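Undergrad: From first to last, the protein sequence lines stand for chains A and B.
All you need for our numbering is the position in the first sequence, starting with 1, plus 55.
All you need for our numbering is the position in the second sequence, starting with 1, plus 45.
Everything labelled a hint here was simulated from the structure, so no lab data went into it.
Computed from a predicted model, the values in this text were never measured in an experiment.
We put the CB at the ideal spot given by N, CA and C, even for glycine.
Hints are not guaranteed to be accurate.
Just some of the chain A residues that point at chain B, by a computed CB distance under 7 Å [unchecked claim]:
#: 1; residue: Leu118
#: 2; residue: Leu166
#: 3; residue: Leu181
#: 4; residue: Arg202
#: 5; residue: Leu256
#: 6; residue: Phe260
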Amino acid sequence: MILDSLAPLYAELSLAVFAMLLLVYGVLQKGQVARKVSYGALVALITAGMFLYAEPKEHVSLLNGMFIHDGFAVFVKSLILLGTGAAVMLSIKYMYEEGFARFEYAVLMLLAALGMMLMVSAGNLLGLYMGLELQSLSLYVLASIRRDSIKSAEAGMKYFVLGALSSGMLLFGISLIYGFTGSIDFAQIASVVSENGASNLGLTFGMVFVLAALAFKISAVPFHMWTPDVYEGAPTSVTAFFAMVPKLAAVALIIRLLMGPFETLTDQWQQIIWFIAAASILWGGFAGIAQTNMKRMLAYSSIANIGFALIGLVCANDEGVGAALVYMALYMVMTAGAFGVVMYLRRDGLSAERIEDLAGLSQSHRYLAYIMAFFMFSMSGIPPMAGFFGKLVILKAAVASGFYMLAVIGVIGSVVACFYYLRVIKVMFFDGLELSLDKVPSTSRQIVVTICALIVLFFVVKPEPFINMAMQAAQMIS
Amino acid sequence: MIAATAFYLFSTILLLSALRVITASNAVHSVLFLILAFFNAAGLFVLLGAEFVAMILVIVYVGAVAVLFLFVVMMLDVDFQNLRQGAKSYIGAGLVFGAIMLAELVTLYFAWSENQPVAVAPKEMSDVTNTEQIGRVLYTDYVYAFQLAGLILLVAMIGAIVLTHRRRPDVRRQKVADQVSVKRDDVLEIKEVKSGQGIL
Chain A
56 MILDSLAPLY
66 AELSLAVFAM
76 LLLVYGVLQK
86 GQVARKVSYG
96 ALVALITAGM
106 FLYAEPKEHV
116 SLLNGMFIHD
126 GFAVFVKSLI
136 LLGTGAAVML
146 SIKYMYEEGF
156 ARFEYAVLML
166 LAALGMMLMV
176 SAGNLLGLYM
186 GLELQSLSLY
196 VLASIRRDSI
206 KSAEAGMKYF
216 VLGALSSGML
226 LFGISLIYGF
236 TGSIDFAQIA
246 SVVSENGASN
256 LGLTFGMVFV
266 LAALAFKISA
276 VPFHMWTPDV
286 YEGAPTSVTA
296 FFAMVPKLAA
306 VALIIRLLMG
316 PFETLTDQWQ
326 QIIWFIAAAS
336 ILWGGFAGIA
346 QTNMKRMLAY
356 SSIANIGFAL
366 IGLVCANDEG
376 VGAALVYMAL
386 YMVMTAGAFG
396 VVMYLRRDGL
406 SAERIEDLAG
416 LSQSHRYLAY
426 IMAFFMFSMS
436 GIPPMAGFFG
446 KLVILKAAVA
456 SGFYMLAVIG
466 VIGSVVACFY
476 YLRVIKVMFF
486 DGLELSLDKV
496 PSTSRQIVVT
506 ICALIVLFFV
516 VKPEPFINMA
526 MQAAQMIS
Chain B
46 MIAATAFYLF
56 STILLLSALR
66 VITASNAVHS
76 VLFLILAFFN
86 AAGLFVLLGA
96 EFVAMILVIV
106 YVGAVAVLFL
116 FVVMMLDVDF
126 QNLRQGAKSY
136 IGAGLVFGAI
146 MLAELVTLYF
156 AWSENQPVAV
166 APKEMSDVTN
176 TEQIGRVLYT
186 DYVYAFQLAG
196 LILLVAMIGA
206 IVLTHRRRPD
216 VRRQKVADQV
226 SVKRDDVLEI
236 KEVKSGQGIL
C-alpha cells in the first residue's frame with residue numbers, strides 16, 4: 056500500500072485534513088463558531104501528536120528525499136504542536152474580548168503549524184521553501200486579522216513586505232547553492248560541499264543569503280527591525296504565537312541546514328552565527344530598556360533570547376545544539392506564560408499594554424502578580440527558575456567549546472536585560488495602585504498560565520530527563 | 046548570429062523597461078512597462094530553449110498578475126504622488142546597497158568561471174519537449190511540492206477572504222432556499238372583513 060509508505064507523514068496529513076474539515080465546517084455553520092473551531096483545532100493537534108509518536112524515531116527519507124523523519128524532527132514537532140495548542144488556548148477568550156472572533160483564526164494557526172512541521176522535516180531546498188512560505192503566509196494573515204485596527208493592519212503589512220523581501224533573499228541564496236552544487240537535495244549538497252566546499256565562493260555566498268533570510272525569520276540582529284512593530288501591532292494572542300512557535304521552527308531549520316548539508320563549512324558559518332548571536336544579545340538587552348509597552352519589551356526580550364539560543368549553535372556540536380533546543384523550549388514556556396498574563400490586563404474593556412498599567416497589580420490581582428514575577432525572574436535567569444537552566448546549559452556548551460568571549464557577552468547581555476524584567480516586578484509590587492483592572496476570567500487561559508508557571512517553578516526538581524531528551528534529539532540530526 | 050542579436054535586443058529592452066518601471070511618474074505607465082519587461086524576459090527564456098517557462102511567464106504574469114496590477118492602479122484611488130514623497134531621501138542608501146550587491150555579483154561571476162559547478166547528469170535529454178518533461182515529473186517526483194503549493198494557495202485564498210470579506214448589515218441578501226420553502230401560511234393571512242368596519 057502506498058499509504059503505508061507515507062506513515063511518517065501521517066501527523067502532517069492529519070493536520071492538513073483537519074484544517075480543511077474545520078474550514079468547511081466553519082463556512083457551512085451559521086452563527087459564531089470560532090470557539091468550536093478552536094476546540095476542533097486542539098483535537099487536531101492532539102491527533103497529530105499521536106500520529107507523530109506512533110512512528111519509530113529512525114531516520115527515514117521520503118518522497119524523493121523531500122521529507123526527512125528523524126528523532127530531531129519528532130522532538131521539535133512535538134514542541135511545535137504543544138506551543139500551537141497553548142497559543143490556541145490562550146486565544147479562545149481573547150478573540151471574543153477583542154472582537155476578532157473568526158473561525159479562520161484557528162484554521163490559520165493549524166496551517167501555520169503544518170508549515171512549520173514541514174520546515175523542520177525539509178529534506179531539500181524546495182521542501183524547505185514551501186514549508187517556510189506556508190507558515191509565513193498564514194502568519195501574515197494572522198498579524199492583520201483585526202482588520203479594523205490600523206495598528207494591526209500596519210503590523211501585517213510590515214511583516215508581509217519585509218517577509219517577502221526575505222523570501223526573495225532566500226530564493227536568491229537557494230539559486231546560488233543550486234548553481235554551484237548542481238542539486239537541491241540536502242544529502243547531495245552535503246557530498247559536494249565536503250569535496251570542495253570551502254574553496255567555493257559562490258556556495259558560501261548562497262549560504263550567507265539563505266542564513267540572512269532565516270535570520271529575518273527568527274528576528275536576529277541585524278534583521279530584527281520588524282519585530283517590535285509587528286509584536287506591538289498584532290493582537291496579543293497572535294504575538295504570543297509569533298514569539299513562541301515560528302521562532303523555534305526557524306531555529307530548528309537553521310540547525311538542520313547548518314548541521315546537515317553545510318556541516319563541513321563550519322568555519323564559514325560559525326563567524327556569521329557568532330556575530331548574529333552577540334549582536335542580538337546586546338541589542339535586545341540595551342534597546343529593551345527604553346520600552347514602555349509590554350509587548351515591545353517582550354519583543355526585544357525575544358531578540359535577546361534568540362541570540363542566546365544561537366550561542367548553542369555556534370558550538371557546532373551535539374551538546375550545543377541540544378542546549379539550543381532546551382533553551383528554545385524553556386523560552387517557549389516562559390513566553391506563553393508572560394503573554395498569557397499580559398492578556399489578562401484589561402481596563403474598561405480595552406487591553407492595557409503599557410508597563411505602567413501593571414502598577415499595583417500585587418494588590419488588585421495577587422495571584423497574577425506572583426505568577427508574572429515568576430516568569431520575569433525566570434526570563435532574567437535567576438536560579439531556581441527554569442530560565443536559569445536554559446542559560447546554564449547554553450553557557451556550559453559555549454565554555455566547553457572554547458567560546459569564552461561569547462559566553463561573557465551572553466552574561467553581560469542577560470545582566471542588562473535583567474533591568475527591564477525586574478522593572479516589571481518593581482512596578483507590580485512597589486508602585487501604588489492607580490486605576491484598577493477589570494476582572495476577566497478565562498478557563499483555558501488560566502490552564503495555560505498555571506501549567507507554564509508550574510513548569511517554570513518546578514523544572515529545578517528534575518531537569519535531567521528533558522535535557523537528556525533534547526541532547527538525544529540533537530544527536531539524531533542528519 | 047540571429048540568436049545573439051535577439052538576445053541583445055531582448056535584454057536591452059528588458060533592462061530599459063525595468064528602469065522605466067521604477068522611474069515612470071505615471072503609475073499606469075509603470076505597469077505597462079512591467080508588462081513589456083515580462084514579454085522580453087519570456088523572449089530570453091525562449092532563447093534558452095525553455096519554451097514552457099516562457100509561455101507560463103506570459104500567461105501568468107502578463108495575463109493575470111500585471112493585468113491585476115493595472116486594474117488596481119486604475120480602479121483604486123491611490124495617491125501615487127504622495128507615496129513617492131520622501132523617496133528621494135533614500136537614494137543615497139539605496140545606491141550604496143546597490144553598489145555592494147553589484148560588487149558581490151561581480152565577485153560571484155569570477156568565482157563562477159574559476160569554480161565550475163559540479164556537473165549533474167541531466168535526466169535523459171531525449172527528444173521529448175521540456176513541457177512534456179515537466180509533465181512527467183511534476184505529479185510523480187515532485188508531487189509533494191505540488192501539493193504544498195496547493196496548500197499555500199489555499200492559505201492565500203483564506204487570507205484574502207478573511208481580510209476583505211465583511212457582512213454588511215444594511216444589505217438584504219437573497220436566500221433562495223428560504224424563499225422556495227415558504228409555506229402558504231407563513232405569508233398569507235386571511236381575514237374576514239365585516240362590512241362597514243375595515244381591518245384594524
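Undergrad: Was the hint right that Leu118(A) lines chain B, CB cutoff 7 Å?
TA: 4 Å, holds
Undergrad: Close enough to count: is the Cβ of Phe260(A) nearer than 7 Å to one in chain B?
TA: 6 Å, holds
Undergrad: So, Leu166(A) near chain B? Judge it on the closest CB pair being under 7 Å.
TA: 5 Å, holds
Undergrad: Just to be careful: measuring from the Cβ of Leu181(A) to every Cβ in chain B, is the smallest value less than 7 Å?
TA: At 5 Å from the nearest chain B Cβ, Leu181(A) passes the 7 Å test, so the hint holds.
Undergrad: With a cut-off of 7 Å, does the beta carbon of Arg202(A) approach a beta carbon of chain B closely enough for the hint to hold?
TA: 5 Å, holds
Undergrad: Going by Cβ atoms only, is Leu256(A) closer than 7 Å to chain B?
TA: 4 Å, holds
Consistency note: the structure conflicts with none of the earlier hints.
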